[in-house]
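Protein chains in written order, with our numbering: chain G, 5 to 243; chain E, 4 to 301.
In short, the hints are calculated from the structure, not lab data.
These numbers come from a predicted model, not from an experiment.
Among these hints, one or two may not hold up.
As the list claims (entries may be wrong) - Straight-line C-alpha distance at most 25 Å; calculated PhoX-like pairs for lysine-lysine:
1) G:63 x E:187
2) G:60 x E:187
3) E:92 x G:79
4) G:136 x E:92
5) G:105 x E:92
Unchecked claim - Each pair of labels, with its calculated beta carbon distance range:
6) E:160 x G:118: 33 to 43 Å
7) G:63 x E:100: 25 to 35 Å
8) E:268 x G:60: 29 to 39 Å
9) E:153 x G:171: 48 to 58 Å
10) G:45 x E:276: 11 to 21 Å
Yeah, the Cβ is synthetic: ideal placement off N, Cα and C, and Gly gets one too.
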Amino acid sequence: MSKILLEARGLCVNYGAIQALAGFSLKLFENEIVSVIGANGAGKSTFMNALMGMVKISKGEIFLDSYPLSRHNYKIVRSGLSLVPEGRRVFSSLTVEENLKIGAFTRKDKTEIKNDYEWVFSLFPILQERLKQYAGTLSGGEQQMLAIARALMARPKILLLDEPSLGLAPIVIQGIFKELKRINEQGVSILLVEQNAKQALLLSHRAYVLQTGRLLKEGASKDLLEDSDIKSAYLGHGA
Amino acid sequence: MSFTFSTFVQQIINGLSLGSVYALIAVGYSLVYSILLFSNFAHGGFLVVGGYACYYLLTQWGYSVPFSMLGALLASGLTAVVTERLAYKPIRERTPITLYLLIASMGVNIIIENLFVVTVGGRIRALPRSTFPTGVFNLWEGITISSSDVLSLVTAVIFLSLLQLFLSRTRWGLAIRAAACDIKTAGLMGVNVTFLISLVFFVAGVLAAVGGVFLSVRYSLYPQLGNITTKAFVAAVIGGLGSLPGAVAGSLILGLAEMLTAGFISSQMRDLVVYSLLVIMLLISPAGFFGKKISEKI
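Please put together the full structure from these sequences, using the hints given.
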């Protein structure tokens, strides 16, 4: 872990008079898993949307491979960031296959795309069985797998996930997080935003704690798991 | 008028022919609706631009029919794209409320209509008959079909099939279908949404122009010809706004209903039947036959 892959410096985002992000900075090294944890409304999703060019940044800079990142959504995907949005947002009236196909929209390398189908099927075999089914008919867990697979079809340098555990049963979450670890081991850096702090900290190498748009704490995930403030505020009793 | 089998068959043929022209208009309407969730009332304006472009290319500049048709399609498609860029995009970027787009589209329709009134005048024109085939085929026992009906039916089938192929087989077609489902997430897939919307408007404009030219042939050409899109709008609502098969089905139902009314009751009752159908449909199933389940339908 040497090279900085993604760096956000002093990001500010305003929604009218409300400041959702107030100078948040973050680094992601190559092959790393970084999580951003915090309560509802802490600015986590805003941060993800700012990275993806979905909301306007009023101040601050973002660098990918030490080059400034485009502010145009579709160019950001081409440069190597791919987001699994909050609430999965699979295209429910398209089939599983079409969802994966649109995930590879920016790519022209046909044989490589074919290999990546095999890759995502090896991660989530259930998708291969459901290939011709409409995405809207899948269960919540299967939709989350599809959303992750769809994002991977863009062949991202960084996979961004916004609340992947939201609304899923614990056993399903376990399974999905296990696959995220595998994805990372295969060379994809991961940036994860989670309310489920424990799961996120167990998976990630480092973590940032966000509170009302500002950095509260950052450090190695295993240290944060033992941190008494974090324990009482985010991990809950007996977690 | 008494019920005769030959009148019935004749009116079915006429209805299908009229319905196919409605379908060309309604499908473009529905396509725009499926992406931006508003009824684009400027669609009639696009159709008028197509009609006049074809008229002037034929009569003033003496181009051939195919070339004039092509010119009409391009003129209308580009008008649609420019309209979106100038009138809708600034609104889209400021507010997610689509009601403003609807109002803007009404304004654009009035502007286009009056631009023609001011520049070329309001008088009724006819596309030169000689340039389109005028023969009438006798099918069976007094049942006839005119060559312009055949031409409009065939053209409608060709253009709707091309649209279907484009949407189901191409990369951008898939992107459009994804955007119809969730446009924001389509952007997350690396789709240039601004370009996609322009593309959708271009396609809608082109289809409107085909409809416009055939309406000009069937009836005549005048600046208010675009008002006939109200019928296509009704057809799209009956079929289910935002659904393309719905728009086609609704258009055929409407064309048949109009022509059967004209054949068996009275020509003057056509519109009454059309709007009664609309009201009945909205009462029974507001989402139409194939519509997206969305509460707001205007």
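Against the structure, the hints:
no. : hint                      : result
1   : G:63 x E:187              : holds, 23 Å
2   : G:60 x E:187              : holds, 15 Å
3   : E:92 x G:79               : holds, 20 Å
4   : G:136 x E:92              : violated, 36 Å
5   : G:105 x E:92              : violated, 28 Å
6   : E:160 x G:118: 33 to 43 Å : holds, 35 Å
7   : G:63 x E:100: 25 to 35 Å  : holds, 28 Å
8   : E:268 x G:60: 29 to 39 Å  : violated, 59 Å
9   : E:153 x G:171: 48 to 58 Å : holds, 56 Å
10  : G:45 x E:276: 11 to 21 Å  : violated, 55 Å
Going through the hint list in order, the structure does not satisfy hints 4, 5, 8 and 10.
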